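Here is how the chains run, residue by residue.
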Amino acid sequence: MQVTPIIGLEVHVELNTKSKMFCACSASHFQAEPNTHTCPVCLGLPGALPVPNKTAIDYCIKLGLALNCQINNISFFERKHYFYPDLPKGYQITQALKPFCINGYLEIEDQKIRINRAHMEEDAGKNIHENGQTKVDFNRAGVPLVEIVSEPDIHSAEIAKKYLIRMQQTVRYLGISDADIEKGSMRCEPTINLKIEENGKTFYTPLVEIKNIAGLSGVLDAINYEITRQTQEFKETRQEKNNPPAGGKTTRGWNADKKETFIQRNKEGSADYRYFPEPDIPPFENLEYDKNLPELPSDKIKKYLAWGISPIDAEALVDDQNFAQCFQKAVDKNIDLAKSIANLFLGPLKINLEIEKINPIFFKNLIKALDQKQISSTVAKQVILESYQTQQDPLDIAQNKNLLQVSDTNKIEEIAQKVISDNPKAVEDYTKNPNSIGFLVGQVMKASSGSANPQLAKEILQKLLK
Amino acid sequence: MVILQPKQSSTKMDNKLNAFITIVDKVSPGIPIAIKDNICTKGIKTTAGSNVLKDFIPPYNATLVEKLLDNGYSIIGKTNLDAFAHGSSTENSDFGVTHNPYDFDYLPGGSSGGSAAAVGAGLVDVAIGTETAGSIRQPSAWCGVVGLKPTYGAVSRYGVIAMASSMDCPGVIANNVTNAAKVLEVISGNDLHDATSSDCPPYVFKKLNLSELKIGIPTSYLKVCTPEVLAKFEEVKKTFQKLGHQVVQIEMMDPSIAVAVYTILQRSEVSSNLARFDGIRYGATRDNFNLENQRRILLGTHTLSAGFYDAYYTKAQKVRNLIALDFKKKFEEEKIDLIISPTTPTVAQKIGSSLNDPLFGELADQLVEPSTLAGLPGMSIPCGFVGKLPVGFQIIGPRFSENLIINLALQYEKFK
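As they're listed, the protein sequences go chains A and B. Each residue of the first sequence is one higher than the one before, counting from 1 in the working numbering. Each residue of the second sequence is one higher than the one before, counting from 1 in the working numbering.
Hints in this document: simulated from the structure, not taken from any laboratory. Source: prediction; values computed, not measured. By construction, the Cβ of each residue, glycine as well, lies at the ideal position given by its N, Cα and C atoms. Please note that a few of the clues may not be correct.
[Unchecked claim] No more than 20 Å apart at the CA atoms, straight line, and that leaves these computed lysine to aspartate or glutamate pairs for EDC-like:
1) A/K211 / A/D221
2) A/K54 / B/D199
3) B/K242 / B/E413
4) A/K161 / A/D319
5) A/K466 / A/D422
6) B/K238 / B/E212
7) A/K368 / A/E354
8) A/K98 / B/D310
9) A/K368 / A/D396
10) A/K364 / A/D332
11) A/K211 / A/E189
12) A/K80 / B/E413
13) A/K458 / A/D371
14) A/K126 / B/D278
15) A/K135 / B/D278
16) A/K458 / A/D408
17) A/K80 / B/D278
18) B/K318 / A/E285
19) A/K195 / A/E158
20) A/K126 / A/E189
21) B/K335 / B/E212
[What the hints assert, rightly or not] Chain B stretches covered by chain A per the calculated footprint, using a threshold of three residues with CB under 8 Å from any CB of chain A:
22) 62 to 73
23) 212 to 226
24) 265 to 273
25) 303 to 309
26) 318 to 325
With the hints as extra help, turn the sequences into a complete structure.
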């Protein structure tokens, strides 16, 4: 039995606009005193009307462009009706038929995950269940959200994770949201079923949407749990997608404590949302938008791979936009040095860097010196951090501290003699096992404060111990 | 322009008429105005004529209320209406029916029946009404007053309790054309709180010397009118001919088509707009919706449902576009300047007559529904009586032709 998971992801990103989607209230609701960021519009008072936030629409389109989407010539908002205490108007203003952005993709490694749409909508309030009572906080009601819906192109939890990380990086690069999965400003709802091949026949298990997952690891755990559960369920029931009675789409919740999904509702009995065009907001025709985008993580990765940097290092470099910018400033035009500079960034410089303090000349000089064996890589790592902190040329630092690599045979021989006489036990070991010379080389390096050329030290030791 | 005289004590005469739901105790000095009770007034109870909101005191003013207060108007009271403006009689009000000031056994029309009756009875010179399809013009005709429904988007809807958002339009009911124009100057203009409000600057009255306008009369509109109404309208036609205008018969879509389209679209939007009244944040519980409210919610929920949406809503939207096109053709291709017709097919009906007829309003309003669907401005002007009861005719024009309509109405008013 061959099992292939089929996974589509719905990602909600809360935009970091100053005001809410349809009113002037502050959109920053995190840990605010309940119901302090409210007005007639976001409380759904009689007579209040929504006025769309232009910045939020700009952000949505920016994200759509970054996800290689087409921007619809005509788009409009619609009302999605359902009753819930945290939904003040009895409907959510969202986009169904004509979203701002459609038909894009997100690249991860060599795979393109197709994006069905990126649309704009408003968040609901929050129900707080306390001592048998339910209270509603409307601070979050009307906060702008972009919903990004992928096609079911994802076939493992690992790829889902990579998709989410790349999405998060992209959103952060655009500066439109902090996309914090733990804080809830980025949320993910996977829809998953399985393709099962058995004895030359293919079966598809019923679709399951998983809701209320907090955190990135929660998404992975929930997907993996569901793969196992659906496989097991298929073995027991042979239930297939679209086959009555249980073949419809079901919604399951995620219990983070028990690490398992549980049934919430069957779609057969689900609500008819009665979508229709929002009459309070005129449609948008030929929206004007800024086509300029910053260099995105996927662009940078391609570039770094071309510079000879490994895929793992490239990923590590792009994770934070500022860090990647600092790296690129350090490389400057010296692409041939990029790989060596990357090693410094992923080593001693993997800290919060200020781009003004990156001096490409320092990096160029240092890597040249390293290539010419004027300094050891140990010293290079040591002095580059100090150079960054003090803004001095790293080679000056090495010189002042006597850390320039010593290739003077006499000087190394002098140190080697002393190491041999101080370590009789190691010398004895060496005579039994020539591979143990590393210890003695290490002692020479230590005695020279890391400045000795290790290769030369090894050769001299071998000569002296012959 | 006539300066309006304060009539602060006049609302005390309201006992029998029942034009007001709330009478303001201490009216501040200013030009008195009555406001339909589906328009939010900060600190003054705003019920929309419904028990759902019987104790609702808005924390904010509608934009048009702000503008009126800023311009020296003073609110004397909130006028009666069919609950949530659902109706054309005020018989659907949860606060009792309003009586026609010309005969208390008759209806004032609606839904702005309280505003029209208050002006008709002389309790106040000007009142604000709202029209979705007929709710300003129809009660104005029945109460013998001037009713001005502006172009959709000319007056902000912010703070007006929504009935059918794509058609709702606040306007003026007044004792004469000049006063209606004067109030429109105050309440019109773009509003940043209403995304559907037009970018056009506020209306400013400009005197025009009108002659030889081409005025169209849709034949299909006359077919549904009673002979008494038609006789009065014939006099209107003759007046315009005497004034030197060219009056021509024009062929337009049967107004009953507009009734069907309007009924579907309006019910659909109603079912959505009333969803917020869940009794959680404000207002009473949903069982306080009256029978007519419930009928509209049910019908609108049905027409928006999956499987029915295309057959009803989508199709109605398409026909709505055709109706707008029908008017556009008349104004642009056939060079008709303005259209006139009776405002209502009949004079006021007896109290009680709407109660067992869910489509009472749609029939009473059928001559205004086509132009409403097209978002056009219109004005009802009194043109005589049948027995004790007033008759009105309407002038309809292209979008933002309020000044032309008002000038023609003034010319008629002066000549008569």
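Outcome of the hint check:
About 13 Å separates the Cα atoms of A/K211 and A/D221, which keeps this hinted pair within 20 Å; it holds. With a C-alpha separation of about 17 Å, the suggested pair A/K54 and B/D199 falls inside the 20 Å cut-off, and the hint holds. Pair hint B/K242 plus B/E413 holds up; C-alpha atoms about 14 Å apart against a cutoff of 20 Å. A hinted pair counts as satisfied when its Cα atoms are at most 20 Å apart, and A/K161 with A/D319 qualifies at roughly 14 Å.
With a C-alpha separation of about 17 Å, the suggested pair A/K466 and A/D422 falls inside the 20 Å cut-off, and the hint holds. Distance check on the hinted pair: B/K238 and B/E212 sit about 14 Å apart at the alpha-carbon level, within 20 Å; holds. About 24 Å separates the Cα atoms of A/K368 and A/E354, which puts this hinted pair outside 20 Å; it is violated. With a CA separation close to 16 Å, the supplied pair A/K98 and B/D310 stays within the 20 Å bound.
This hinted pair checks out: A/K368 and A/D396 have alpha carbons roughly 14 Å apart, not beyond 20 Å. Under the criterion of a C-alpha separation no larger than 20 Å, the hint pairing A/K364 with A/D332 is consistent with the structure, at around 9 Å. For the proposed pair A/K211 and A/E189, the alpha carbon gap of about 5 Å is at most 20 Å, so the pair holds. For the hint pairing A/K80 with B/E413, the CA-to-CA distance comes to about 48 Å; that exceeds 20 Å, so the pair is violated.
Of the supplied pair hints, the one linking A/K458 and A/D371 holds, its CA atoms being roughly 19 Å apart against a limit of 20 Å. Our distance criterion of 20 Å between C-alpha atoms is met by A/K126 and B/D278, whose separation comes to about 17 Å. Of the pairs offered as hints, the one joining A/K135 and B/D278 holds, with about 15 Å between alpha carbons and a cut-off of 20 Å not exceeded. In summary, the hint linking A/K458 to A/D408 is supported, as the alpha carbons are separated by about 13 Å, within the 20 Å threshold.
Restraint check: the Cα-Cα separation between A/K80 and B/D278 comes to about 16 Å, which is no more than 20 Å; the hinted pair holds. Restraint check for B/K318 and A/E285: the C-alpha separation of about 19 Å stays at or below 20 Å, so the hint holds. In summary, the hint linking A/K195 to A/E158 is supported, as the alpha carbons are separated by about 17 Å, within the 20 Å threshold. At most 20 Å may separate the alpha-carbon atoms for a hinted pair to count; A/K126 and A/E189 meet this at roughly 18 Å.
With a C-alpha separation of about 12 Å, the suggested pairing of B/K335 with B/E212 holds against the 20 Å cut-off. Here the region 62 to 73 of chain B counts 1 residues with a CB under 8 Å from a CB of chain A, which misses the bar of 3, and the coverage is violated. Under a criterion of three residues with beta carbons nearer than 8 Å to beta carbons of chain A, the stated coverage of the region 212 to 226 of chain B fails, only 0 such residues being counted. By the rule of at least three residues with a Cβ nearer than 8 Å to a Cβ of chain A, the coverage given for the region 265 to 273 of chain B holds, with 4 such residues.
Only when three residues or more bring their CB closer than 8 Å to a CB of chain A does the claim for the region 303 to 309 of chain B stand; here the count is 4, and the claim holds. With a cut-off of 8 Å between beta carbons, the region 318 to 325 of chain B has 0 residues touching chain A; three or more are needed, and the interface restraint is violated.
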